[in-house]
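Student: Sequence:
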Amino acid sequence: MPDQRLARDFFAIPAAELAPALLGMRLVRILENGTRLSGRIVETEAYVGVKDRASHAFNSRRTPRNEPMYACPGTAYVYFTYGMHWCFNVVCAAIDIPEAVLIRAVQPYEGLDEMRTLRGGVRDLDLCRGPARLCKALAIDSALNSADLTNSELLWIESGQRPTKIAQTPRIGVANAGPWARRRLRFFEVGSPFVSGTKGKPAGLSRRGLAR
DNA sequence: ATTTAGATCCTCT
DNA sequence: GAGGATCTAAATG
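Numbering-wise, this note's numbering comes out as the position in the first sequence, counting from 1, plus 91.
Honestly, the hints are just simulated from the structure, not real lab data. Glycine included, C-beta positions come from ideal geometry on N, C-alpha and C. Only true hints are included.
Okay, the calculated beta carbon distance ranges per label pair: (1) 126 / 270: 41 to 49 Å; (2) 293 / 152: 35 to 43 Å; (3) 250 / 175: 32 to 40 Å; (4) 95 / 273: 31 to 39 Å; (5) 176 / 216: 17 to 25 Å; (6) 156 / 295: 31 to 39 Å; (7) 174 / 98: 31 to 39 Å; (8) 98 / 237: 17 to 25 Å; (9) 242 / 209: 19 to 27 Å; (10) 152 / 201: 36 to 44 Å; (11) 270 / 245: 35 to 43 Å; (12) 239 / 292: 32 to 40 Å; (13) 242 / 125: 16 to 24 Å; (14) 126 / 239: 20 to 28 Å.
Listed below are the simulated DSBU-like cross-link pairs for lysine-lysine, each with C-alpha atoms no more than 30 Å apart in a straight line: (15) 256 / 290; (16) 227 / 256; (17) 290 / 227; (18) 292 / 256; (19) 227 / 292.
Please model the complete structure; the sequences and the hints are all you need to start from.
Tutor: As structure tokens, then:
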């Protein structure tokens, strides 16, 4: 059954399993004016709970910001960083188990014109190539934090065609996470030019998993 | 081609 | 008061 919204049980698994499982799925966003935007997920990262030093929920730090991570699987966790960027996560595992998958890149599929407007004239390959870029291209911000992806009218995920090949590397931007910095919890579709760090060339298996 | 700096502000200590 | 799950433009080799 193609193009069907993913239900709660799809998300009720550990982040390390959901992250690769989300590759190929379609992220759908309906704007206030009714415009439908979507893209195929090509890059994800798993944040695997209270033991994960790179996670906002490390050491059971429960704060107003990361509260959505403790909500039920299928909840959106949208956070603000670096003074100007939003990033979008899919909460998973179970209620009160703070695991989540960061969506790092999608391949634009529907609503390209609107995305170009939202992103201000970058080349199409760069529209959604990176966690903050895709949030800007899909108009995802704090208004969608805590949204329930299983019944929201504005944001959800549909089934899609799975990648033929998936690669794993350490996560990006978490160098200070000690041993957790080295865990291979980043997943992407091999060969996709829409993966971050590729400069728009096909993502491969060379060192660090980035195309040279 | 690679490196650096600046933007810019919310969150937690 | 410090630093951040980033991105971009500008400077440098």
